[in-house]
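Whenever a hint applies, use it, and build me the whole structure from the sequences.
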Amino acid sequence: MRRHLNVCKGLLSDEHDNKVTIYAEIMDVEDKSWSVNEAITNLKKAMKENNQRASEIFSSIDANDDGKINGPELYKGLIEHIGDRLSPGQVSMIINALDTNDDKRIDLAELSSALEEEE
54 MRRHLNVCKG LLSDEHDNKV TIYAEIMDVE DKSWSVNEAI TNLKKAMKEN
104 NQRASEIFSS IDANDDGKIN GPELYKGLIE HIGDRLSPGQ VSMIINALDT
154 NDDKRIDLAE LSSALEEEE
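Here our numbering is used: position 5 in the sequence shown is 58, and no number is missing along the way.
There could be a bad hint or two in this list.
[Claimed, not checked] Think about it this way: if two alpha-carbon atoms lie no more than 27 Å apart in a straight line, the pair counts; the simulated DSS-like pairs of lysine-lysine are:
#, residue 1, residue 2
1, K98, K121
2, K157, K121
3, K157, K98
4, K97, K121
5, K97, K157
6, K157, K129
7, K101, K121
8, K97, K129
Don't read these hints as lab results, they were simulated from the structure.
Encoded structure:
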């Protein structure tokens, strides 16, 4: 599991890294074929290939237009944008890694920060 957690280092801020570590330890994540880092990298790649900004990706994922991305929205958005079908646990890990205000959802600022883009 430590190897899995170390994959996240360098991509996410220290605050995000700490949250990934804590959450993964709680969830006892053992899936070495997947990482939060990989999901974010794939989303960045799709964003670049489609010449999109974080705000455009966010708007397309935020299905109910409430300004927040929840688990089901993220699950569907990742299928649409990068073709990945993740488990509910993996989706939760992404949300917990990016969610800096602890509301269990991702807002535009949090997504933009993860994608290293200023809006």
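Now for the hints, and whether the structure bears them out:
1. K98 with K121: Judged against 27 Å, a Cα distance of about 22 Å means the pair holds.
2. K157 with K121: Roughly 9 Å separates the two Cα atoms, so the pair holds.
3. K157 with K98: holds (25 Å)
4. K97 with K121: Judged against 27 Å, a Cα distance of about 19 Å means the pair holds.
5. K97 with K157: Holds. K97 to K157 sits at ~22 Å (cutoff 27 Å).
6. K157 with K129: holds (17 Å)
7. K101 with K121: holds (22 Å)
8. K97 with K129: holds (17 Å)
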